[in-house]
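**Q** Spelled out, the chains give:
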Amino acid sequence: MSHLQKPVADRLLGIVLIGLAAFVAVQAIQLEVPFSYEPVGPRAFPLGLSILLAGLSLVLIFKPGADGHWPNRVLSIRLLLVLGLLLAYAMLFTRLGFVPTSLMVVAALARLFDATWIKALITGVLMSACSYVLFTEGLGIALPTGTWLAAIT
Amino acid sequence: MFDFLIDGFGVALTPLNLGLAFLGALLGTLFGALPGIGPINGIAILMPLAYTLGLPAESALILLAGIYTGSEYGGRMSSILLNVPGDAGAVMTTLDGHPLAKKGLAGPALGLSAVSSFVGATIAIIGLTLFAPLLAEVAVMFGPAEFFALMVFAFSSMSVMMGKDPVKTAIGAVLGVLLATVGVDSGTGVMRYTFGMPELYDGIDFVVMIIGLFAISEILLMLEHANRKDVDDEMPPLGRVFVTLKEVLYCKGAMWRSGVLGFIIGVLPGTGASVAGAVAYTTEKRLSDKNGTFGHGDMRGLAAPEAANNASAAGSFVPMLTLGIPGSGTTAVLLGALMLYNITPGPMMFTERPEVAGGLIASLYIGNIVLLALNLPLAGVFARVLTIPRWVLVPAIAILAFVGVYQLHSDLTAIYLMLIIGVFGYLLRKLGFSLAPVILGYVLGGLMEQNLRRALSISGGDVDILWQSGISLGLWIAAAALLVLPWLVPKLLSKKPREKTQQD
Chain E
1 MSHLQKPVAD RLLGIVLIGL AAFVAVQAIQ LEVPFSYEPV GPRAFPLGLS ILLAGLSLVL
61 IFKPGADGHW PNRVLSIRLL LVLGLLLAYA MLFTRLGFVP TSLMVVAALA RLFDATWIKA
121 LITGVLMSAC SYVLFTEGLG IALPTGTWLA AIT
Chain R
1 MFDFLIDGFG VALTPLNLGL AFLGALLGTL FGALPGIGPI NGIAILMPLA YTLGLPAESA
61 LILLAGIYTG SEYGGRMSSI LLNVPGDAGA VMTTLDGHPL AKKGLAGPAL GLSAVSSFVG
121 ATIAIIGLTL FAPLLAEVAV MFGPAEFFAL MVFAFSSMSV MMGKDPVKTA IGAVLGVLLA
181 TVGVDSGTGV MRYTFGMPEL YDGIDFVVMI IGLFAISEIL LMLEHANRKD VDDEMPPLGR
241 VFVTLKEVLY CKGAMWRSGV LGFIIGVLPG TGASVAGAVA YTTEKRLSDK NGTFGHGDMR
301 GLAAPEAANN ASAAGSFVPM LTLGIPGSGT TAVLLGALML YNITPGPMMF TERPEVAGGL
361 IASLYIGNIV LLALNLPLAG VFARVLTIPR WVLVPAIAIL AFVGVYQLHS DLTAIYLMLI
421 IGVFGYLLRK LGFSLAPVIL GYVLGGLMEQ NLRRALSISG GDVDILWQSG ISLGLWIAAA
481 ALLVLPWLVP KLLSKKPREK TQQD
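Just so you know, the protein sequences line up as chains E and R, in that order. Residue numbering for the first sequence follows the working numbering, starting at 1 and increasing by one per position. Residue numbering for the second sequence follows the working numbering, starting at 1 and increasing by one per position.
Note that these hints are calculated values from the structure, not bench results. Any given hint could turn out to be false.
To be verified - List time: in silico SDA-like cross-link candidates among lysine to any residue, alpha-carbon distance up to 25 Å:
(1) E:LYS63 - R:VAL167
(2) R:LYS430 - E:LEU85
(3) R:LYS430 - R:LEU221
(4) E:LYS119 - R:THR387
(5) E:LYS63 - R:LEU482
(6) E:LYS63 - R:ALA481
(7) R:LYS430 - E:LEU81
(8) R:LYS102 - R:VAL381
(9) E:LYS63 - R:LEU492
(10) R:LYS102 - R:GLY297
(11) R:LYS430 - E:HIS69
(12) E:LYS119 - R:LEU393
(13) R:LYS491 - E:PHE62
(14) R:LYS430 - E:PRO71
(15) R:LYS491 - E:VAL59
(16) E:LYS63 - R:PRO490
(17) R:LYS430 - E:ALA54
(18) E:LYS119 - R:LEU386
Using the sequences provided together with the hints, build the complete structure.
**A** Laid out in structure tokens, this is it:
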């Protein structure tokens with residue numbers, strides 16, 4: 001079915017990239033440059049690149065390649081879940097501390113990658129504990145213990 | 001002339017560096033063997049840890065180079081056993097490697113690929129020892145204009161050689177160069193594309209960049225493969241683990257030819273292991289495939305790309321060490337790693353920091369022997385790594401990525417930036433981009449602009465300086481020829497009568 005349709009992905013990408021090129025160029029032009037002895041200031045290089053990028057994007061728009069395989073709905077949801085988990089990992093990393101956050105995130109990630117709940121939990125416990133010992137004792141890295149925990153005690 | 005090598009062995013043979021070469025080889029093989037993780041991902045994930053150890057520059061480089069060459073070794077495991085190439089460089093290995101495994105010769109195939117990797121790498125390391133100092137002497141004559149032309153040449157050769165789509169390769173490189181312009185402009189102190197964020201004043205951090213681009217995007221991509229069932233998941237039995245001398249001698253022609261070929265291709269900037277493997281395989285097929293056995297488990301068809309892969313890996317150190325222009329995506333990462341130590345590889349490195357250049361080359365000799373010693377007897381153990389399920393692998397990568405970035409910055413902004421870059425990398429890969437040009441552009445972008453501006457400062461703004469010298473003019477012509485020829489040659493050929501192609 002999809003091979004009968006006109007390729008969309010590359011055209012869309014081309015348009016987005018031209019937008020990016022315009023943004024880069026406008027930002028470069030707006031730079032306030034103090035007096036300098038150099039003949040070429042900080043503007044020229046990004047400007048040149050944006051022109052090059054726009055040109056290449058035009059080629060992409062007029063000669064697009066075939067669309068690749070894009071995730072279906074189920075996969076997209078799982079993809080967003082993984083991203084959400086990584087984001088949660090980032091947000092809780094210093095607040096909740098390394099071990100509890102890693103335990104939860106590892107278990108959830110493992111579950112998302114088709115592990116059973118039991119296996120996912122065991123992976124979470126083992127991996128967070130082992131990596132904590134390895135990083136702090138073995139490599140001497142200071143890992144966050146959690147600002148929330150510190151606030152309570 | 002070879003003083004640097006003798007000094008280098010002095011550096012590489014200290015217990016610490018010997019241990020690191022061994023550790024790198026071991027870790028590299030393990031990471032390369034992990035499904036879906038090629039050399040570049042392996043280095044990206046392990047690099048921050050190399051910094052935490054607080055190693056001096058030459059030791060860190062020895063560790064990383066060990067990981068690099070080791071993962072080239074490890075990458076063949078999944079190619080041969082599962083028909084899943086760990087990275088682009090290993091695609092050709094699947095063609096005859098997997099049929100061999102299906103015939104029950106998985107063990108000998110692994111052994112043979114270890115031996116041919118060793119032969120290929122040895123040829124290339126000797127080539128590196130001979131040619132790098134010579135090239136460095138030539139490169140001393142390079143001024144800013146020549147370096148700028150050289151980088152243009154590197155990008156154009158990469159666009160033509162790397163990936164299926166030259167336009168996308170070029171776009172990837174431009175995006176990489178653009179990312180390199182973020183931060184304080186060194187010439188004038190003007191902030192470019194920092195959007196008022198202090199974290200961006202020094203530019204996008206290299207470690208954040210490569211971990212996001214390679215590790216995080218890999219996690220997202222793996223989700224897709226997790227429930228795809230088109231790959232051969234059944235692991236074939238290894239059979240006897242040793243390769244016989246007779247089998248090795250049968251392939252000796254394929255090995256040395258491909259080794260030399262792989263080295264030459266590796267030296268060309270921008271063309272990495274994938275091109276080397278493909279060229280070596282097709283050449284060998286043309287030369288020795290008399291009975292049509294290639295593709296059905298011919299040992300020579302396995303030996304050729306394996307020798308070429310590893311030869312090009314070592315060969316790509318030549319432009320990196322002498323000119324500061326990486327020959328592949330992976331050496332671009334290594335170059336970035338060196339820059340973090342305030343060492344800019346280039347012609348002066350052999351005279352100013354001989355312990356780094358010599359130590360690295362010497363450690364390649366040692367690492368190569370270590371790898372053969374590790375891989376021949378332990379192939380069965382490494383093959384077990386393939387059975388590690390993704391639900392263990394992915395969380396482990398996530399932890400390594402987060403801790404790697406956190407311990408360098410102790411700062412959440414860096415982690416958020418890593419995630420954003422990861423999504424960016426994922427989208428690029430889904431759109432058919434190869435990430436090697438992006439990272440190459442990112443690493444070279446700053447140097448490219450500096451050299452351009454320096455050249456124009458010398459000439460007082462006269463653009464002619466860029467192609468005034470013979471070297472730079474030659475490089476410009478070569479770059480233009482590379483871009484035009486692949487497009488022009490088929491057009492010229494198609495005008496000739498077609499009967500000839502049908503006869504073949």
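**Q** Each hint needs a verdict: does it hold in this structure or not?
**A** Verification of the hints:
1. E:LYS63 - R:VAL167: holds, 10 Å
2. R:LYS430 - E:LEU85: Roughly 21 Å between the alpha carbons, so the hint for R:LYS430 and E:LEU85 holds.
3. R:LYS430 - R:LEU221: holds, 8 Å
4. E:LYS119 - R:THR387: holds, 16 Å
5. E:LYS63 - R:LEU482: holds, 21 Å
6. E:LYS63 - R:ALA481: holds, 22 Å
7. R:LYS430 - E:LEU81: Given pair R:LYS430, E:LEU81 holds - Cα atoms ~18 Å apart, limit 25 Å.
8. R:LYS102 - R:VAL381: Holds - the C-alpha atoms of R:VAL381 and R:LYS102 are around 19 Å apart, at most 25 Å.
9. E:LYS63 - R:LEU492: holds, 22 Å
10. R:LYS102 - R:GLY297: Given that 25 Å is the threshold and the Cα spacing comes to 9 Å, the pair holds.
11. R:LYS430 - E:HIS69: It holds: about 8 Å lies between the C-alpha atoms, which stays within 25 Å.
12. E:LYS119 - R:LEU393: holds, 13 Å
13. R:LYS491 - E:PHE62: holds, 20 Å
14. R:LYS430 - E:PRO71: Distance ~10 Å between R:LYS430 and E:PRO71 Cα, so the pair holds.
15. R:LYS491 - E:VAL59: holds, 19 Å
16. E:LYS63 - R:PRO490: holds, 18 Å
17. R:LYS430 - E:ALA54: holds, 21 Å
18. E:LYS119 - R:LEU386: Answer holds: E:LYS119 to R:LEU386 is near 19 Å, not above 25 Å.
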